[in-house]
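Engineer: Here my numbering runs 71 ahead of the position in the sequence shown, where the first position is 1.
Honestly, the hints are just simulated from the structure, not real lab data. Treat the numbers as computed from the prediction; the structure is a model and nothing was measured. Among these hints, one or two may not hold up.
What the hints assert, rightly or not - In silico EDC-like links for lysine to aspartate or glutamate, alpha-carbon gap of 16 angstroms or less:
hint : residue 1 : residue 2
1    : Lys90     : Glu166
2    : Lys90     : Glu168
3    : Lys110    : Glu136
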Amino acid sequence: MIESNGNTIVAKDDVGRIKAERIVSAFLAQEDRFNIEGKIIVGRLDAVERARCNDSPFALAHHGEFCNAQYYVSHSSDPLCIGSARVIEDCSNDECEFRFGEYVQICE
């Protein structure tokens, strides 16, 4: 776990500390319309999960190109809500950039 700007970042699935911090920083800058604070999880999407997304017409229609995302960001604002977004790492330029799919927050 990493403490950063009042948030606890949990890097899962061999996502390194620096990469997790960069992903969360970019994510928070983009998703300022949500109250995202506290525990934020960054994990890796494996080939099976990407294939499952691409094979499902519903998931493919919802996620589009983000079915091929390498990472996800997940956050729970309270016990009844959870949100997540898929993350594509684009290293085609000198510095890698992160692009985020739609952040979806679901509450019971």
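Engineer: For a C-alpha distance cap of 16 angstroms, please report whether Lys110 and Glu136 respect it.
Structural biologist: 27 angstroms, violated
Engineer: So if I understand the rule, the pair passes when the alpha-carbon distance is 16 angstroms or less; does Lys90 with Glu168 pass?
Structural biologist: Since the Cα atoms of Lys90 and Glu168 sit roughly 11 angstroms apart, the hinted pair holds (cutoff 16 angstroms).
Engineer: Under the criterion that the straight-line Cα-Cα distance not exceed 16 angstroms, is the pair Lys90, Glu166 satisfied?
Structural biologist: 12 angstroms, holds
Of the numbered hints listed earlier, the single one contradicted by the structure is hint 3.
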